[in-house]
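2 protein chains.
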Amino acid sequence: MKVCIIGLGQIGGSLALALRKNKKFVYGISRNKDTIDYAVSKGIISDGSSDINLKNFDKENFDIIFLAVHLGLYEHYIKKLKGFGGILSDVGSVKRVFYRLSKQNGFRFVGCHPIAGTQMSGIESADSNLFLDKYCIISGWSDENSKDVISNLWKEVGAKISFMSPKNHDKFVSAISHLPHIIAFSIVNSTYSIRKNNSGIFGGSFKDIIRVAESPAEMWADIFLYNSDFVVKQTEKQLAEMKKLIHMIKNKQRNKILKYILKTKQKI
Amino acid sequence: MKVCIIGLGQIGGSLALALRKNKKFVYGISRNKDTIDYAVSKGIISDGSSDINLKNFDKENFDIIFLAVHLGLYEHYIKKLKGFGGILSDVGSVKRVFYRLSKQNGFRFVGCHPIAGTQMSGIESADSNLFLDKYCIISGWSDENSKDVISNLWKEVGAKISFMSPKNHDKFVSAISHLPHIIAFSIVNSTYSIRKNNSGIFGGSFKDIIRVAESPAEMWADIFLYNSDFVVKQTEKQLAEMKKLIHMIKNKQRNKILKYILKTKQKI
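Those sequence lines, one after another, are chains F and R. Numbered per the working numbering, the first sequence spans residues -7 to 260. Numbered per the working numbering, the second sequence spans residues -7 to 260.
Check each hint, because a few of them may be wrong.
Identical copies go unnamed one by one, so any copy, or any two together, can satisfy a pair.
Claimed, not checked - Here are the computed lysine to aspartate or glutamate pairs in the DMTMM-like style, where the Cα-Cα straight-line distance is at most 25 Å:
1. LYS71 x GLU52
2. LYS15 x ASP29
3. LYS159 x GLU228
4. LYS147 x ASP125
5. LYS51 x ASP29
6. LYS255 x GLU206
Keep in mind the hints are simulated off the structure, nothing from the lab.
Sequences are here, hints too, so could you generate the full structure?
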């Protein structure tokens, strides 16, 4: 089985490395020639190219092509790959956009979202164990056979599989991933004037909350935009909850606050 | 030097254990007889009592008495300890209340807030290394000599010292600790309806953010109430930042979002 991965960031690089460990042929494409050289020298990919316009690229050499680039680049690559006979897959954080574009352009396809990855980025953060015991959400596919092939690939690299419709996926991750990033970016700003003179002193709770504010800006701008409806809705729910709690605090309603916190503990 | 610690939760218990390691005599008081028995049996305290009304308690046996109870219990103990000739200290998360009560009642006193502790609670989570390389904020004191005695005690158990006025302290922790807890409690609620059918799948960012929602409810109700002015103000700043970001997302302002995230990275 020959696999091509377009985009060699943390997720693309880690998938390449994990597949290589399982003796797959993995071809990598990155806009950055240094990334390709590094990835080949470290054995992360079997071979690769920085030709992002896919000019001398024979797509029919591959059984599977993964998009592991920012969501904003999907249209570019899907145009270039049109007519591909194998399975088109991806690892993006929003699934409706991949589903729509793949379906419109007549691909065999399987949308994927491994719930893995850290605030780090780039090929240097590739880790063959990144997906071990993590969920990979399979979300939107053209046919059962392709779905099985891609599901098995993720199982091979250690992931657990979950299935969701693209819409349910996008709603779900707006809550468990996109909202925490909205909070991380904004709390860095809202607390800055107070923190700047005491920069060494962080509570554990604060350190944890801002960890993901180190995440790549371009990637997150795209995620917020391609999932804007659910991100906005989920953030508005969060604003309403915070206002509710703050209202109780303002009015010194100790029993209500206590009940609110205790109720929380049953919902974690 | 003989030390009494009233309240043997995670912070009181850890302080007791760390002082015992340094060969101090530590007397513990807890409302729970089992806690005293456990703490004596594990060598966390030298001796102790569950007499929370301090009826057979001779305060003048001690050089230092620490309050390590919920803020709502401060008035009770300060009344009982009135006239104490040694240094009254505490480990509470809000410093204006300790400062006001200690000053009003004529104590020699030093307010303290070790920026340590986890979501765990109770004597079983006592850890003699809890304060190692963590900051202890010394905030509000009656005299320089007492301040030095207490500062040295914290240094002995491995903490780094920082000084702030009670007001500055309370403002500072509203940003780096109390706001993250407001967010943790409220995000558990705002995301619950979406999570409940997919409970096994959490992003790392979500896991990190909700960790502290496990914290003790009574303790946090008190913290929010005794620091309500700064907590409300800081949460309102956070709400404004989130609204700003959401406005850009709603209006698909990619460049503005990108700038916002990039600006964040310089402020972490």
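Evaluated hints:
| no. | hint | result |
| --- | --- | --- |
| 1 | LYS71 x GLU52 | within (15 Å within a copy, 83 Å between copies) |
| 2 | LYS15 x ASP29 | within (20 Å within a copy, 59 Å between copies) |
| 3 | LYS159 x GLU228 | within (19 Å within a copy, 32 Å between copies) |
| 4 | LYS147 x ASP125 | within (9 Å within a copy, 42 Å between copies) |
| 5 | LYS51 x ASP29 | within (21 Å within a copy, 72 Å between copies) |
| 6 | LYS255 x GLU206 | between (32 Å within a copy, 11 Å between copies) |
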